[in-house]
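Colleague: I would like the entire structure built from these sequences, with the hints used as guidance.
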Amino acid sequence: MKKILQLSLGIITSVGGFLEIGSVTTAAQAGAQFGYKLLWAILLGTLCLIFLIEMSGRLAAVSKHTIVDAIRERFGFPFFFFVLLGTVLVAFMVLVAELGGIGFALQILMGIRFPWWALPVSFVVWLLMWKGTFSLIENGASLLGLVTVSFVVAALRLNPDWTSAASGLLPTLPDDDKSKYWFLAVSILGASISPYLTFFYSSGAIEDKWDRTYLPINRVIAAFGMTFGGLLSMAVLIVAALALRPKGIQVETFQQAALMMTTALPKWGFYLFALSMLFACFGAALEISLAISYFFSQGFGWNWSEDVEPSSDARFAFVYTLIIGFAAVPLMFGVDPIKITMMSMALTSATLPLAIVPFLFLMNDPIYLGKHRNGWISNTVVGVVILISFVLAVVSIPLEIMGG
Amino acid sequence: MHLVRDVLDKKLMDREDCPMGRVGGLVMHVGESGPPRVTHILVGGPTLWMRIHPALGRLSSALGQMWGPRRKEPAKIPWSRVETVGREVKLDVEGKDTGALDWEIWVARHIIEHIPGGGSEEEE
Amino acid sequence: MKRLLFATVILLVSCKPPTPAEQMDAILSWVGSAIVLGNGWLRHTTPDTYTRQTLTLSHDQLRQIGAELLKSPPATIDSTELDGALTRSGTHLARMAQLVEARNSPGFNQVLDSLELDQKALKQLSDKIESSQ
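Residue numbers (the numbering used here), protein chains in the order written: chain A, 4 to 407; chain B, 2 to 125; chain C, 46 to 178.
Hints in this document: simulated from the structure, not taken from any laboratory. Hints may contain errors.
Stated by the list, open to error - Facing chain C, according to a computed beta carbon distance under 7 Å, are these residues of chain A, among others:
1) I111
2) P249
3) K250
4) G251
5) I252
6) Q253
7) Q258
8) Q259
9) L262
10) T265
11) P269
12) F273
Just so it is clear, CB atoms sit at the ideal spot from N, CA and C, and this is done for glycine as well.
Modeller: Shown next, in the form of structure tokens:
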């Protein structure tokens with residue numbers, strides 16, 4: 004009974020926690036500019052994420068190690084530190100973007116510009132980390148995040164031509180703006196395959212004391228949770244394609260993104276958009292803060308747990324206090340969260356091999372996984388997608404500069 | 002026992018099963034007769050940074066003298082205190098007495114406990 | 046080192062100068078946004094503050110991009126015509142923001158109609174620029 008409850012909760016929290024400013028911005032820009040043509044990037048990213056999440060859960064349940072524990076122990080401190088630098092730097096940028104997303108949502112709701120929200124928002128995020136437990140954070144934020152299902156409702160209301168949409172699931176080049184197309188593809192992949200999600204998930208599995216009996220649940224949560232989440236991203240793209248593209252509206256700003264929902268759901272669309280972004284970015288900010296703190300704490304062997312008082316895991320608490328504080332600073336000075344979002348999504352893609360290749364090695368190591376090692380399918384899917392993401396990132400970013 | 006694979010970078014647990022950090026380094030005694038043997042486990046920043054580059058190790062050491070618990074040397078735990086080596090390295094010591102938790106205690110007392118709701122380390 | 050390179054490259058991406066066709070697309074995007082927004086406001090589906098602020102933003106963006114475009118306008122179009130269309134749109138956007146503040150729906154509706162005519166004119170100019178590229 005407990006396991007069924009955990010299963011349902013796991014799927015719900017995956018769905019509610021899927022969308023955040025990166026996935027919404029990239030999907031909205033893609034839909035507004037290229038119609039359905041980039042649906043394949045969301046599909047590919049989601050597929051890869053399903054395998055990665057399943058792997059994180061399996062590693063934790065079988066080896067009783069989180070990914071970070073295992074990276075430190077298997078590869079040693081110097082390599083671990085190298086991975087830490089790259090991964091945490093990018094994750095920090097994403098955190099800034101998420102806090103900015105919360106600020107923007109409040110800006111369009113209340114009319115007060117987002118830099119003014121930077122400090123109060125950071126404070127609330129920090130307070131929830133300081134006082135809350137892992138369950139409260141994971142479940143509470145993700146349940147609230149279910150308001151993002153309104154994007155699916157909006158997509159259905161707009162009555163898409165499903166055959167046209169389905170054709171977007173296979174890569175087709177646009178007639179022009181090819182460099183922007185590939186840059187967006189890279190950003191979508193980076194938005195879907197965020198390494199911090201895997202660190203967060205494996206830490207959660209350890210906090211919840213998973214063992215081998217949880218392996219089936221883990222598979223179901225990964226498959227269903229991430230699939231439904233991916234469908235949410237696709238819904239955003241479809242709404243943008245139908246509501247914004249015909250009117251020539253590009254999504255340069257958050258304020259313009261809101262217009263896709265006001266068109267699709269005239270009465271409540273605006274508020275649903277604002278609340279969706281508010282809760283989705285909130286959940287993501289909490290997850291990323293936790294993931295970064297987990298990375299430091301697990302890597303250095305400090306006490307870490309969201310279920311104890313801060314003084315019992317002082318360095319863990321100190322890390323998230325520091326990063327949340329620092330993350331507010333660029334926003335206070337008015338740095339555009341949308342620009343940071345696009346930058347960090349592309350950078351995530353470019354640095355994926357750094358986080359995921361060691362992880363793949365671990366998933367094939369009999370010392371950690373015994374007979375539960377990766378099969379050829381997991382290795383192939385993850386390996387291929389990471390390679391594609393990396394190559395695309397390296398190629399498309401300079402192409403974007405040279406103008407295609 | 003394969004020291005690098007089985008001991009280095011592993012989590013350390015004290016006699017009460019409390020985490021004490023990770024094995025940062027090992028001290029070996031190379032005598033005139035007999036094989037080299039491990040004498041101590043090292044825990045702490047300078048040891049770790051030294052593994053990336055000796056200059057970083059020295060910098061870490063220097064910074065450690067100016068701030069925090071101001072340890073002159075890394076925490077050193079005699080190898081004789083090792084009970085078992087498995088998923089973790091289990092030690093027959095009290096974590097707080099080894100010096101391995103000096104930074105944790107320092108951050109708790111000087112920073113965390115001053116923030117409302119931070120709790121008190123001594124309550125445990 | 047690689048990461049630093051990527052970061053620099055991405056910074057450069059955001060600084061890459063846009064082509065006239067891209068600038069016109071951006072202008073049309075802002076005008077289009079204002080029209081959708083305006084229609085939404087008239088139906089009471091968007092709040093006053095958000096509408097006013099976004100209209101002001103559209104106006105500012107239009108002025109900024111328009112000024113850049115007029116510095117070196119493409120030879121295929123009449124730059125006086127472009128200047129005129131941009132000025133009219135800008136004025137209409139500013140007026141719409143004021144009318145939202147005054148909660149004057151009938152007045153707003155009239156100016157919105159004018160903005161839709163501006164959009165047509167700008168679209169014709171944009172098509173000329175695109176076809177020459």
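Colleague: Mind listing which of the numbered hints don't hold for this structure, in increasing order?
Modeller: 2
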